[in-house]
Every structure is written in structure tokens, then in C-alpha cells.
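Residue numbers (the working numbering), protein chains in the order written: chain A, 295 to 622; chain B, 5 to 328; chain C, 2 to 454.
Be a bit skeptical, because a hint or two may be false.
As the list claims (entries may be wrong) - Quick partial rundown of chain B residues pointing at chain A, CB under 10 Å, derived from the structure: (1) 13; (2) 48; (3) 59; (4) 75; (5) 79; (6) 104; (7) 124; (8) 135; (9) 169; (10) 201; (11) 255; (12) 308.
Derived from the structure by calculation, the hints contain no laboratory data.
For glycine and all other residues, C-beta sits at the position ideal for the given N, C-alpha and C.
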Amino acid sequence: MAVRNESTAPVGIPPVAVAPSARVRRGRYRGMGGGSGGSIGAYVVVFVVCFFCLFPLYWMFENSLRNDVGAQTSITIIPREAHWDNYQRMWTALEYPFHVFLINSFVVAGMVTIGVTLSCAIVAYGFARFRFPGRDVLFYFIIATMMIPFAIMMIPSYALFINVFHWGNGGVIHLPGWTGVGTYQNAFQFLPQIVPAFFGSPVFIFLLRQFIRSIPYDLDEAAKVDGAGPLRILWTVIMPAIRPALTAVVVLNFIGKWNDFLGPLIFLQDPHNWTIELALNGFVGRYTVTFFNLQMAASLMSMLPIVVIYFFASKQIIEGVTLSGVKG
Amino acid sequence: MAVSAKSAKRSRASERRKEALWGYGFISIWFIGFAIFTAVPLAMSVYISFTSWSPIAGPFWEAKRVGFANYNTFLHDHRYWHSIINTIYFSFGSVLVVNLVSIPLAMILNQRLRGINLYRTIFYLPAIMPAVASVLIFRLIFLPGTGLVSWILSRFHLQCDVTQITCSPIDFLNDPKITMLVVIIISAWGVGQTLLIYLAGLQGIEASYYEASSLDGANSWQQFRKITLPLLTPAIFFNVVVGLIGAFQEFAKLVIYAGGSQATGGPADSLLTTFWYLYIVGFDFSRMGLASAMAFGLFALIMIVTLLNFWGQKKWVFYQEERR
Amino acid sequence: MKTKRLWLPVLGAALLVGSWGGMSNAASAYTHANAPAGKIKISNCGGKGTVKFMFWGDKGDLAAQTASIKAAEKACPGLHVIADWHQSDYDTALKTAIGSGNAPDLFQLDGSKRVPQYATEGALAPIDSYIKRDKINLSKIFFKTCLGEMSYKGKTYGLMRSCGNQKILFYNKDMFDAKKLKYPTNSWTLADFSKAAQKLSGNYSTSSDPTSTLRYGWGWHSDDFGMETMLYQYGADWLSKNLKQCTLTTPAARAAFTWWHNLRWNLHGAATPSQAGGDWFGGFQNGTVGMTFAGAWAEDYLFNHSPGSTGAPVKFKWGAALLPKGPKTRLGIMAATAEVVSKTSKNKNAAYWLARFITEGQGAVLMGASGADTPGAKALWNAPAVKKEFGSLLSVALLANNYGRTPRLVPQYDDFSSTIQSAMDNYWNSASGSVNDATSKACADVTSKGLLG
């Protein structure tokens, strides 16, 4: 999400005309076949769809255990032999061990998430709790900028970060040996990804503003009487109150940046800086022979953190998506 | 009395000023970022599109200004127009497929099924999977000859026997006539996103509508036509607009499906969308000026489609209630 | 593919550098134009100062490069070299470095496509004056067949690190044995090739691969190098000599393309990349495809798999021969690596000296010993380590370097070649495609886009 995909959300439409918070009596459409509890047919369809959703993931896992030519020679649903060493081979197949890419992804996605969450909370707080001339116009302006497609930003951003800021290479960071990561020769290449995130993102400003507005003003007043300044109020009153929304922002941002391919592709040219998505791409054109087993093992590793996060936060993710209409 | 009222007024005024200052201070974060990372680059983009800038030759402000030459070049470039057609094909195709799949699914999920939360979680899972990894999986599934799909087709005699040398199985990866279609079908795997929004839309429809219409003797189909569909139109509109803007700029899926090489547009350019093409022209051919000009061409297309959408919505989108 | 070819020719073997050992003794065996390679004292070292050197290669290559840089620093006291190594995405990284105002003083370019572009855009410093000063004769030191790639419009920009014919015929002996066919020879023609390709296609097993599976004679290969070589065999080209005209529509060019199309679609003698389970070379590597065309770098993949290289040793017995002769010629495409000096370098003299040191001096010996890099300086091929590394391939590779030519290049090479490939794909990918339509479209597209010289 972060900087790039904000263009994918529209203007003017209240993100999803149907917030679940709307206190209407929720109807359950009874389906074409009538009946109140859902028909057998419905269950069949649901199971088939579940199968289609999950089968590719199983297929990935199954193929990751095959031998080098397994994918090209046979159709098996259950692996005949399990080559667990594929994971070991995959780990060291690229110029740097796979955990370097995992760490890079965590760093990029983590920093972006921190930046977007903090900045959006502050900006949203400014819009939700302070009166000043031109407030609504400025707010709509922010929403309107979501219309600017990344297509026209891609090349000038490159020009800005490379020609003007000189973030194309350089920036040496030595890490202690026990990290197993080694030296970053071109750490500046991370900056074009991370720095803009600290200046907010329209969709999440919108989302958080809506939430802050739904908090009773009395809480602020009480804190104010106790002598708290605006920043204190934001930190001690507002932030705790909008924790569910913040969770959604955090998780959606993290997943979005983790999955981002284009941004890293443009700026992270040093293979030591590659995120997991670029490393995966590195598997595709690298060998003259296509090692599907290694590709699948690497794919699985790139999905694993997302699946774990999803397992713990699926409720917040689904609510966040429904509210903001944003995919990570 | 008068004095104190005046001072109270003044203090209220100063308080208001203080409040405004705090407000401006907070929101300025975004505006500073916007100025540096959006407004300035936008202006640069316009400038660059009138130059022959290549990063090899030095910074963009030293590049030669070439007037409208870049615009002239891309307007006469066959590949550009080919890529526009591909862009339209992909974005409308994928949005259509995704929405056609997700509306019925949402309606089924909206029934009182046991374990609805579990299904919803599973349905949404593919949508958050990284594009690179998921497309890699489907590349494997669609592998001609020994891939799963190819094998099933052979098994049911829908194509020649893949174990024979004279058999050229349907080449899902390389046949320019079908590659884009396959990518569109693949994008249906990520249907969870739109599905959730439809589901929320359905749940927002008040049950009383259905109860009233049942009393009037309406059958399920009539209920669907007269109640569900009209009340779902805001969600449809939202999904179409968001889906189209996103699809116009899809990159990872197409590049990975083409085999991970960004420098060609897939077999016979069959996957080359405009967004990808301007990436190639800019970053591979180093013709940043030309690519900037192309970007404005794509921008125009996105704007036209979006404005048409908004203009058209008056005719078919039905809002259940005015929201605050 | 693009990035792959960049590093393929320079895959290196660090081990062999170690085994070089008695270099000074071995070096005396060389017969250089005037002095044994490695013994050449490169004058005008200029010393003093820092040279940033950017290069590509895999981990094995990095070790050889590091050794050669250390030798350079020793030979030229006061010189300090900063190595900037990239295994992949070299092109974009180089562009970004230049764009960031942080260009390397000396860097490598793929001579088979990049020099005209970088020269036209003013990123390179011509080195003619240095060559004149040092009184060196390039065509005596380096392979003539690659020299064309080192200069553009009369000015010389690069010294040649490697030079190799990219179209040597490699074949899988086990497949030939299984079908009881005679191995290819250096005097083969395209007709012999086609006959063998058809016979090698079928469902069978070989001695090294007992599973009965579909195998093909040739791995389909229609990228820029592939198409150019098809054209050369028929005496055709994609550009006229003055680079101002697209010549794909000539009868000879169309005949060349038709021949290859026919081999794949009507005679069933070639596998598509997806049928081969990899690309044109990968299919050969995994035993699905019986013959392929590749450079001598393939040696590092096929049997002498060195640490750090991404290849995998093959299980079958293999051999190599010259490219089959077409109706007109036996010319394969030559690819060279150029060492070029940046125009913005503040230390051009030292950068140029380093370029000489690593292309023909002692550094070149160290690099040449890494094997898979097919050296551009002729004398290096006499080095025992190079001989040992290439083994039976050496004579063929050396011979093939005489049967090659450089491609005709325009500055916007990538745009040019990718436009042509996209137009031609329609023909390659369907049995019923029309060669006339495809070639006409290719020429119309590159002309209307102003890509010609």
C-alpha cells in the first residue's frame, strides 16, 4: 500500500457505501432457492470455492518437495518422495542467503508501516479535532490526490530520488557478524521507499479521521481539564481509543509493502537490498533450467509471514478492508 | 462588564487561533510530503516529457529539450497502441471476471451458513498473497505438456495427447492468443477483495425490504432484480472504479507471468500493457522523456474511463440512504 | 534473458586462480605479438588516486576479479581500486550510479549491444589518444572479429576483456548414440543439422537418462542473437551497412526465417522453451534437447561447474562443433565485454591503465584462468590454465572465433531489437504465421519509431 497504491482508491466515493458500523438491521438475503439456513447447493459451491482458493497453495507446497525435473515429468497429487533439502538449496541459491531478503522485507515493510501509521494518525487527528479555516477543502484535496496514478509518478520519482537526492547508491552500513547479514553497500537505496511513508497516505488518513470523529469529545475535554496538551491527548486518549483501526492500518500497510514488487524493483538495485519479492523474481530468469521446486519453496517462504499475520489478524484485516475498501 | 466580555471574546479568539495553528501544524505533515514527493515530481514529469533525458547522459535538467517530439513519437508507435489495447483488454476483462464471480459468491456467503467466518477467511486469503508468488504457482499449473491443466485437458481428450511428439499442446505460457486470457483468469483467484465489499453491501440491506416484498408475493428472482441488485449498485460502482484504476496499472502479475523478464512484453507482446511499456521504455531503453510522455497518455486514458464512470453512475447507481 | 547473457560469458572459477601457482614460469610459454601476456609491463600507470571499477559476474568471477585488482594495486603503487560488483541488474544499477552523479571511473559494457548507446549519450571517454600514446596495435593483441564492438563512429571506447563466438554447436552424445546417428562435425551444413534434428525428436530413453520421455533435436531460440545468426547463414542481415535501412524484408532474410520456422512447425525438429522445460539452453542442459548453439561459456555449465557459478553439471556425454554452414556462410555472432572509461572520471589515465592491465596484462591472465571467460587477448589462449579449463572445447572455441562477425548496432539497441522481436514473435509462435507480414511489420515499426542509424 503505502505510497504507491494509494492511487488505486477512488475519490469522492465514501470508501464503501456500506460500513458495518451502520446500525441498520442487517438483512440476510435468502438466496435464489429460498430457505432460511442455506441450502445444500450453497454449501457445495462454498466448498468448491474453498478448494480453488486453497488448492494452488497445496500445489505449491507439493511441488516444492519434488526433485529437479519433477514438475516437468509427472503428475502426482501426493509427493512420491519429499526432498526437504530443496529448502536448504533454495536458501543459498541466490547471491545472498535468503534470510537477508527476509530481513530487508521486514525492514522496508516495518519502517513504512511505522511511518504511515504515525503520520496518518497525526494528520487525521488534526482534521478530526481542530477547527480551522479551509479544513474541509483541504481534506477533500487530500482525498482527491488519490486520483493521481502512480504511472505518471514513477519516472519523476526516479529522477527526484536519483538526480536530486542522490539516493541511487552509496550509504555503507556495517552490521555485526552475528546478524549474518553483512555489509550494506548501498543503504541509501532504501530511502525512496521509506521516507515518503512518514508523510501520510490519503486512504488511511481518511480511515483514521472517520474513527477519531466517532470517539466522544468528552474524553478530550476531560484530558484538557487535566492540563493535557494536544499531543498528550493524541497519545493518551485518541490512540488507545482507535486501536482497532490502527491495527488494521498497521497490518494492511505491512502486507501491502511486503507484497510490493514495483517500488523495490525501481529503487533496490543492489541485490543485497532485495526484498523477498525481488528475490523471488530473481529465481525466475536466473537459471537456464527452470527449477520449479526451488521456485515453489521460495514462494512458500515469501507467503509464510503473510499467512501467519493473517492467521492472527484476519478479523482486523477483513474489517479494515471492508471499511476502507483498500487491499493491503 | 464590557471590558470582561471583550477580553473573553479576545481570549476565545486567541484560543481559536491557537486551535487553528495546532490543526495546521498537524496536517502540514501531509502537505509537506505532498509538495516534495508528489507536486514537485509532477512538475518534473511535465518537463521531462519535453526532453530527451536518459539517466546515462546525466541529470534531467541537463537533457536536451525536444519540444513535442516525444508525444509525436509515441502517438505513431505501433507498440504503444498495441499496449493500449492490451491494457483495455486486461483491465476490463479482469474487472468483469472478478465481479461476475464475486457477486454470486457474496450472495451465497450471505446466507446463514455455518462457519461463515471460516469461509470468509479462506476466500480472502488468496487476495493478500504476494502477486509474484501466486503467479509463479499458476505458471506451474498452466505449464504446457506436463502441467496440471494441460494434463487434465489431455485426459479428457480436449487436446492432443501430450505424450506424442507431433502434439503441440495448448501453450498457455507462450501462445500470444491466450496468454492474456490466462492472466485474466488467474486474477479471479484474488476475488476476495471485491467479495468482502459485496458481502458488506449485502449485509447493509435492511431485512425489512425482503419481508415486505415477500408479503407482496415476490419470488427470489424478483427480489434479486428489484431489491438486491439496485441496493448493491453502490458497491458495484465502487468495485468497478477501484478495480479499473488498479488494473490499468497492474505490473507484477503480467511481468511474472511473462517469465520474469521485464524487457519484453511477453510472447509477441501479448502481455504488454501500457504501464509495463512505459516502464520498459524508461528503465530499459533509458528513454525517460519518451516514457514520461507515454505516462501522460495513460493518465488521459485513466481519467477518461474514471470520468465516464462517474458520469455514468447517475444513471444506474442507487443510493439507499444519504449518509451523514 | 537480457541479464543472463551479461554474466554468462564471464562466469569464473576462483579455484583455478589458486591453481595458477607458477604463473611466471607458465607465462614464458606465451607467444604474444611482442611480449608474453602477463609479462607485459603496462607503462604509464599514472599511479596515485582512486579508481572505482564496476563489473558484473557471479561469485566465482568476483574472486578472480578481486585477485586481478590486487595484482593491479601491487603493479601500480599508489593506485587504489574500489570494486563495485553486481551479479544481476547490472544495467539499471550502472544507469542509476551515473544518474546519481556517482559514476564508476571504469566499467564493463556488453559490447554486443551497449557501446553505441553509451557513446552516443556521452557517458564514455574515447581512449584513442591513450592508445596512440602507448603505441599499441589492438588488432594484434585482440581477436579481430570482436574489435568492431569496441568502437563507434570511428572512435575507440573500450578494451576487450572477453570475446567469444556465441554460436558453437553443442550436442548430447547420448541422444545421438540412442538414435545411432553420427556426431556433428566442423563441416556440417544446415541440411545435415535439420536431418539430425528430426531424427533426434521422439519419445525415447538414453543411456544416461533411462526414463522414456519426449526429446527434441533443437531448442527453439529466436531472440536477437538467435535471429541474427539465422540471417548470417543466409547472407542476410537486419540492417544495411550504413545502418539506415531495415533489411529484414529481403528475400534472403525471409528465406532464412522460413527455414527455421519450418524446422519447428512442420518437421517437428525443435522444442519450444516450455516444452524443453527451461530456455533454449536449459532444455539442452536437462537432456530434453539434443543440440543447441551457445558460447564457450557453456563449458562452465556443462562439465566444469565451478563454485559460485549458477550452472549444474550435466550427466550425459557431450561434444562441440562449429555452427552448421548455411547456404551462404558459417558465421556466428560474436559477443565481447568492453572495459570502458567514464567521461566524468577524474582519473582517466589510471582507469585506462587498469583497463589494459585486466584485458592484456597480468590481471588478464588471472581473469583468463578463471576459465569460462573466453579471453579477448589472443595470447591468453596459450596459457596452460586456460587450456586446462576449456579442455576439448578449446580448439573448437578458438576456431569458432574466426567464423564470427559483430552485429550491426544502432544506439537505441534495446528498443530496436525488442521492437523487431515483438513483431517477429507472431510468426515464430504460430504454424500459420506469414513471414512476409511479420518482417514487413518489423521493418515498418523500427522505421516509424526512428530507431535506424
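Here is how each hint holds up against the structure:
no. : hint : verdict
1   : 13   : violated, 17 Å
2   : 48   : holds, 4 Å
3   : 59   : holds, 7 Å
4   : 75   : violated, 14 Å
5   : 79   : violated, 17 Å
6   : 104  : violated, 14 Å
7   : 124  : holds, 7 Å
8   : 135  : holds, 6 Å
9   : 169  : violated, 16 Å
10  : 201  : holds, 6 Å
11  : 255  : holds, 5 Å
12  : 308  : violated, 12 Å
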